[in-house]
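J.: Work out the full structure: start from the sequences and follow the hints.
Protein sequences appear in the order of chains A and B. Per our numbering, residue -18 is the first one in the first sequence, and the count goes up by one each step. Per our numbering, residue -18 is the first one in the second sequence, and the count goes up by one each step.
No lab work stands behind these hints, which were simulated from the structure alone. From the three backbone atoms N, C-alpha and C, an ideal C-beta is built for every residue, glycine too. Be aware that one or more of the hints could be misleading.
Which bits of chain B does chain A cover? Going by a derived footprint, with three or more residues having C-beta under 8 Å, they are [unchecked claim]:
1) -16 to -3
2) 17 to 31
3) 43 to 50
Pairwise CB distance ranges, derived in the manner of DEER restraints [what the hints assert, rightly or not]:
4) B:Met10 - A:Gly11: 43 to 49 Å
5) B:Ile60 - A:Glu54: 38 to 44 Å
6) A:Ile53 - B:Ala6: 15 to 21 Å
7) A:Glu27 - B:Lys38: 29 to 35 Å
8) B:Glu59 - A:Ile60: 28 to 34 Å
9) B:Ile53 - A:Lys(-8): 27 to 33 Å
10) A:Asn30 - B:Gly33: 42 to 48 Å
11) B:Lys46 - A:Ser35: 30 to 36 Å
12) A:Ala6 - B:Arg57: 30 to 36 Å
13) A:Asn52 - B:Gln55: 29 to 35 Å
14) A:Lys46 - B:Pro34: 40 to 46 Å
Okay, derived cross-link-like pairs now, EDC-like style, lysine to aspartate or glutamate, Cα gap no bigger than 16 Å in a straight line [as the list claims (entries may be wrong)]:
15) A:Lys(-16) - B:Glu17
16) B:Lys22 - A:Glu25
17) B:Lys4 - A:Glu42
18) B:Lys13 - A:Glu39
19) A:Lys29 - B:Glu17
20) A:Lys13 - B:Glu39
21) B:Lys13 - A:Glu27
There are 2 protein chains.
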Amino acid sequence: MAKVKVYVTFKDGVLDPQGKTVKNALDKMGYKNIEEVRIGKFIELETKNGAGPSLKKEIDEICDKLLANPNIEQYRFEIE
Amino acid sequence: MAKVKVYVTFKDGVLDPQGKTVKNALDKMGYKNIEEVRIGKFIELETKNGAGPSLKKEIDEICDKLLANPNIEQYRFEIE
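T.: Dropping the structure here:
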């Protein structure tokens, strides 16, 4: 069994309306120290098989095909 | 300026319907090696001031009040 942590974030330059909304909410709540908020996804996967040489390729495929939108999002992952 | 990375995940035992949906999609796509999927939020914050002694308290407050639902979610963060 292996655990994989995937981080999906918007590419630089892509507008993040959810992050902007949270930023505005924080302003109104008085947290003026926060200058920017970007919101992404944090995905934890558990695999049946251990971390073999093919796992990295498999996770790349899964990210490209399902977890991230390659037009506007980037991803990185850690295999544990 | 400091950067803060916040990870918000469901507490253990809380059902994650979005994760379940992704798990089912992966099954149908043939990725039988993936046994469990849990989906959370990954939030990046940038602050005006540097990482002082009060920043940890401020981020805890922001997580409790806005970023995480303390009833069903847990969070952790890293200050860089």
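J.: Please write out, lowest number first, the hints stated earlier that are contradicted by the structure.
T.: 5, 8, 11, 12
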